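*Asks:* Chain by chain, the residues run as shown.
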Amino acid sequence: MKNRIDAVGSLFLFLIGLGAAIGAIHLKVGSPTEPQPGFFPFLGGLSLIVFSTIIFLKGRTGQSQKKVVFGDVGRPALLLVVMVVLVGVLDCLGYVIGTFIASGLILRILNVKSWRVLLLTSLCLSIGTYILFDKLLGIELPVGILVRLGL
Amino acid sequence: MDFLVNLIQGFSVALSPWNLFFAAIGAVIGTAIGVLPGLGPPATVALLLPVTYKMDPASATIMLAGIFYGAMYGGSTTSILLNIPGEAASVVTCLDGYKMARQGRAGPALGISAIGSFVAGTISVFGMSLVAPSLASFALKFGPPEYFSLVLLGLMMAVYLSEESIVKGLAMAALGLLLGTVGIDPVHGATRFTFGVSRLLDGFDFVVVAMGLFGISEVLINLEAPEIRDVFKTSFKGLLPTREDWRRCWASVLRGSFLGFFIGVLPGGGAIISSFISYAVEKRISRHPEQFGKGAIEGVAAPEAANNAASTSSFIPLLTLGIPGNATIAMIFVALMIHGIRPGPLLLQEYPNLFWGVIASMYIGNIMLLALNLPLIGLWVRLLRVPYHFLAVVVVIICVIGAYSVKSAVFDVGTMVAFGVMGYLMRKGGFPPAPLILAMILGPILERSVQQSLISSGGNPSIFIEKPISAALLCVAAFLVFTPILKRLWGRRGLT
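Chains as they are written, first to last, in the numbering used here: chain C, 747 to 897; chain A, 1461 to 1956.
Worth flagging that the hints you see were computed from the coordinates, not collected in a lab.
Since we're looking at a predicted model, the values are computed, not measured.
Mixed in with the good hints there might be a few duds.
Computed cross-link-like contacts, DMTMM-like style, restricted to lysine to aspartate or glutamate with a CA-CA straight-line distance of at most 25 Å [claimed, not checked]:
1) A:1867 / C:886
2) A:1514 / A:1665
3) A:1867 / C:880
4) C:774 / A:1662
5) A:1743 / A:1704
6) C:774 / A:1645
7) A:1888 / C:818
8) A:1514 / C:837
Please take these sequences and the hints and turn them into a complete structure.
*Replies:* Take a look at the structure:
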């Protein structure tokens, strides 16, 4: 296999296409005169199967010229972990505390070494964006445990 | 005469204090994100969608449009001073702009790019005022088969013009169409691909998907590489090009403006491709093609004019046909839909104030951008010294707010993170995200038009080729898909 990312990517797309086509059959495809809910997803699924097969074959024969270079994946991975944790705690901790902790961690991942800069930036960002979006623009953000303080 | 009356009506909207304020905000944000590498207009417009929820639709569109064309002005700054394009449409400006800066001519390079952008933007807005109403009234004659073919052409153009492989673009478009089917089927009311998750009944929200694909994935990509920004230190005295510079590049600016305008009008056409084509045209017709790539001012003037003209004229398919031609315009399409306004041929009749107000605001926005970009160039350069980590954390937080604000649900924040990872992997593998988001938006229109066409023709697919407009559009779409295959076949035959 000359292009591994194309193989993995095309396999993933193939499975989505196959799943969509099977799901569409369950929904009922109908006919061109009487298209049913599965008609359009069926066509989409078939198209995806065809295109993913071509990508796979092109990758196999080395026709795909894209060479994938991953840099330091540690930082993106850590950022993702922080975001997943934030999703988990956002409702209970609330926006201000959740984003304060998350921004502090993100800044740390991004090599901000000064604790003063880190804390100050996180505090300004979480409180500043809360005031801007929730109080001024009327976008309701989760209050979480701060509800006990009457916020 | 109607044109003038309408334009005056547009200026009365655009010159209201609030709309002037929002045009200025859009121009400033656009220039800033154009200057800063690592945050493009689609991501910025997606990030700012929640801000527009409570705004007047005309003001929201004026601001978002300002961001788009403002980014084209700002994008040249990093290309010229850092050899890093702030914007994909400014990639080609690096070739001669950076060389000019190295030769001590950063001032004229920045000056001609700002002035060229202003001239092109103004020409394009004028062209748009003339073309858009006629195109809108022509599009009123479109039935479902024509709409099907038009949407398909728009998608094929987006696929064709994506920098990566055509097949990958097609696969992304197919995936986008499938993602667009998640939720309740608009025709039959059946639930599709929700897997029992009630939050998916309304389908994936475009804002959430766009923030993940463009915002989060961009941060993830940028985090991979260490931040190196070597700002070239040079004097910005003498920003105005010399008489010799003008003599060399006035025609290039005009050519770039017209070329950019026409490429931008095409569904799927846009700033990136227009800048490359105009550079190639200039090099080909130049008496000194050997100077290109070594600091030729025409190599800065023409692509900068073209990308600005194209960014303005790419509003034409959106406002008149309801077809977003690129990812940023797709986000503006979403912004209008959030306000309950459906872009398309009826927009001009139903919302003339918005239509003409946005066009008039572009005239004003171009003047604002000229004033912002030339005297304040030092300020924009200083912005480059802001460390990326501050920008990254702000982007992440705004993405969280934006995703949460859609339905006040943490589920959407999780969905955004998932699409962020998907966008990151897609970019690494050379799968373009723009066809996916465009297909997701256009999918429901495509589905409705294909079903209506087939039902009206008794299931006969020849309806798409029996209607002349539809047939012509399908021919162009087929041409776009098959050109690379034919080229490859001819290439092979030539080799053997």
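*Asks:* Hint by hint, say whether it matches the structure.
*Replies:* Against the structure, the hints come out as follows:
Restraint check: the Cα-Cα separation between residue 1867 of chain A and residue 886 of chain C comes to about 10 Å, which is no more than 25 Å; the hinted pair holds. For the hint linking residue 1514 of chain A to residue 1665 of chain A, the alpha-carbon distance of about 18 Å falls within 25 Å, and the restraint holds. Under the criterion of a C-alpha separation no larger than 25 Å, the hint pairing residue 1867 of chain A with residue 880 of chain C is consistent with the structure, at around 14 Å. Distance restraint check for residue 774 of chain C and residue 1662 of chain A: the Cα-Cα separation of roughly 20 Å lies within the 25 Å cut-off, and the hinted pair is therefore satisfied.
Of the pairs offered as hints, the one joining residue 1743 of chain A and residue 1704 of chain A holds, with about 18 Å between alpha carbons and a cut-off of 25 Å not exceeded. Taking the CA atoms of residue 774 of chain C and residue 1645 of chain A, the gap is about 12 Å. The hint holds against a cut of 25 Å. With a CA separation close to 13 Å, the supplied pair residue 1888 of chain A and residue 818 of chain C stays within the 25 Å bound. Between residue 1514 of chain A and residue 837 of chain C, the direct Cα distance comes to roughly 24 Å. Compliance with the 25 Å bound is thereby established for this hinted pair.
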